[in-house]
Amino acid sequence: LTGRVDSAGPLITLLTDFGLVDPYVAEMKGAILTVCPEARIVDVTHGVDKYDVGMGAFLLAEAASFFPEGTVHVGVVDPGVGSSRRPMVVKARRGLFVGPDNGLLIPAAQTSGIVTVHEITNRFMMLPDVSSTFHGRDIFAPTAAHLACGHLPEECGPKVTDYVKSPYGESVVEGKWAVCRVLHVDGFGNIVTNLTRADLNKLHLTENRKIILTLNGRRLTTKITGTFSDLRKGEIGLILGSHGFYEIVCREASAGKRLRIKRGTVVRVSG
Amino acid sequence: LTGRVDSAGPLITLLTDFGLVDPYVAEMKGAILTVCPEARIVDVTHGVDKYDVGMGAFLLAEAASFFPEGTVHVGVVDPGVGSSRRPMVVKARRGLFVGPDNGLLIPAAQTSGIVTVHEITNRFMMLPDVSSTFHGRDIFAPTAAHLACGHLPEECGPKVTDYVKSPYGESVVEGKWAVCRVLHVDGFGNIVTNLTRADLNKLHLTENRKIILTLNGRRLTTKITGTFSDLRKGEIGLILGSHGFYEIVCREASAGKRLRIKRGTVVRVSG
Amino acid sequence: LTGRVDSAGPLITLLTDFGLVDPYVAEMKGAILTVCPEARIVDVTHGVDKYDVGMGAFLLAEAASFFPEGTVHVGVVDPGVGSSRRPMVVKARRGLFVGPDNGLLIPAAQTSGIVTVHEITNRFMMLPDVSSTFHGRDIFAPTAAHLACGHLPEECGPKVTDYVKSPYGESVVEGKWAVCRVLHVDGFGNIVTNLTRADLNKLHLTENRKIILTLNGRRLTTKITGTFSDLRKGEIGLILGSHGFYEIVCREASAGKRLRIKRGTVVRVSG
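These protein sequences, in sequence, are chains A, B and C.
Residue numbering for the first sequence follows the numbering used here, beginning at 2 and increasing consecutively.
Residue numbering for the second sequence follows the numbering used here, beginning at 2 and increasing consecutively.
Residue numbering for the third sequence follows the numbering used here, beginning at 2 and increasing consecutively.
Isolated chain A (complex conformation) (with noise of 0.2 Å):
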């Protein structure tokens, strides 16, 4: 699978920690547009922290697996712009990413099913004038615009294998103890952790026990749940996340301003 041109216009996802004030994404769009008019360009987020590699990798993986195949997805956060850090495409299964050879693409990607990286060193690909601190307009945006409109991977430059990957911690199960980590903390101020089902499932923890959960040094008993409805008004709780992940929360509250988290915490569960 590549870009291609359906009926409706070829797909073109964008992730950045630019935010919405700057004009760079609107730049971004316009140098798409310009390359490619029929694509249709999706915001995952722009709000991503700046500099904030592994907050962008986990967005960009929870959003792109939503997304027709095919979908052309671009990510830039983009710390090293203008140093030796490569530009470069995945091809994979599900759809192409596009972005900084620095592991932001590569928990998405990784959830599609990798087939092949490439480095993008092919001018053709980017516009005229390539600047040293843009190059999500430069670079990154006109290339998804060509791949969209059917040129392939293969066409961007050399195939690479040392590319960066994502450093992602997982969790692990010690004794009776489950060790996580926060990967993020929603606007709603609920908690994300890598924790997963099959952690529980080795502790023989289900839904409904009560549960400890330590973090910042504070120990927390709590009940694994459902629903949200299943906790009363500011009460915390530990509920599946519509990502796969548990997510530590309080109804109608934000969990993460209550426990003052962040990204990066540890947390540890037991029964």
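These are calculated hints, taken from the structure and not from any lab test.
Honestly, I wouldn't trust all of these hints.
To be verified - Simulated coverage check for chain C against chain A, where a stretch passes if three residues somewhere in it have a Cβ under 8 Å from a Cβ of chain A:
1) 9-17
2) 50-64
3) 187-196
4) 218-229
From a predicted model like this one, the values you see are computed outputs, not experimental measurements.
All C-beta atoms, glycine included, are put in the ideal place defined by N, C-alpha and C.
The hints should help you fit chains B and C onto chain A, whose structure is shown.
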């Protein structure tokens, strides 16, 4: 009228309280485009205060009437997700409204002209896996996409009549006073009330008349004016907003900040 | 050149100071799609500081040149709405610009190449009801849609030549010093000035040279550099931005916060 495909592709609007940092809005868009690739999606807003069904209802009602006939509007401000509150579709004269049965859709649908309301029970209308926390993506988005691509509201599920009606208070005239409420304070600090020209007519108050406002225990002498430019910089006035409600405004400043007003505040107006 | 319909649908961009919470941007989009259903709408930004015509003009000028020929650009930063300031359309070589006659559109239109300017007086171009507070929705959006669908700027109203020109200051070289201004501090804290390579050439200053900056009563010794990665983390440098202006930057930090700089600040540069 029901959803239909025209040559430019059917229109779907989205209003949520998800914000723009998380990937939730993008996941809804991916789900829509998977079901109905030719859909064109327009964001109304994703900045509704979390769980504030009333604010969402107001904003949706304001925006929906400016969209073409046949538009499918999706609203997701859904504190009861996962509980027994029903997912529903409202068939109205000028469009369709999809979301939770909690009053969110009703003011917009009433403006459009409600024809029938259907619960969404048909699994065909949903994603294969329905989470307990994210019906926006798993039920409302794919249902809207099926409707946009030609399915009928009647196919969603049984007709219901006992849906939640919205609790908007109406303005009243008591003696020499019109008593109204603050529906919304917009991004410019304009204070949108539910006061109408009919209220002021009853009090024989017309443009350029001096008036008295009482709110938050304060009493202000001000005037009804036709345009911002009739006010001096920093002056407060009452102006008929573009939505047919009077707004308390302050030229080139925020009336909301100056008067420390929040949604729900009671305002009294007299000559 | 005027608006035209190609197979993918004509392009309209939007720039406002409305923010993304209120439904105003969506109402403009609804008005556009009612008049011209095949239009494709791209947001430039809605995060312009309220009433800051200069900031809006800068951002529009930055973004517009990356869009395809024939794009219709709408700008609404309009403190004079409802007064006698005129609504207008600028016909330029690469596109059309629609908005208030307050200078907002001029830098972008000049870059594109101004051909003629027309006041919008023809009621056919507007919504049936024109409010005194929201010309973005009632005049500019439908006019842009009519232009995108093939109407001509000449149909909008009479040609005008006495439109407001933008008051951008230009950088100057005085003896050993280049004197410039801060045009914008972007979301990364990069301080965009109106200093150009021509200014530095006059002072015989080239890349990797040490330079002196004075601003806000402070004196900094720093260097002109080619890329962010030539700077140490936290180091301040002067870098040619992607828009052709020099920016004062700080690697992986906000130069704007470090130097407490705002739009309009005067900066002096010497060898």
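Right, here's what the structure says about each hint:
Counting residues of the region 9-17 of chain C whose beta carbon lies closer than 8 Å to any beta carbon of chain A gives 3, which reaches the threshold of three, so the coverage claim holds. Here the region 50-64 of chain C counts 4 residues with a CB under 8 Å from a CB of chain A, which clears the bar of 3, and the coverage holds. Only residues whose beta carbon comes within less than 8 Å of a beta carbon in chain A count, and the region 187-196 of chain C has 3; three or more means the coverage holds. For the region 218-229 of chain C, the assignment as covered by chain A holds, since 3 residues bring a beta-carbon within under 8 Å of that chain's beta-carbons and 3 suffice.
Of the numbered hints given earlier, the model fails none.
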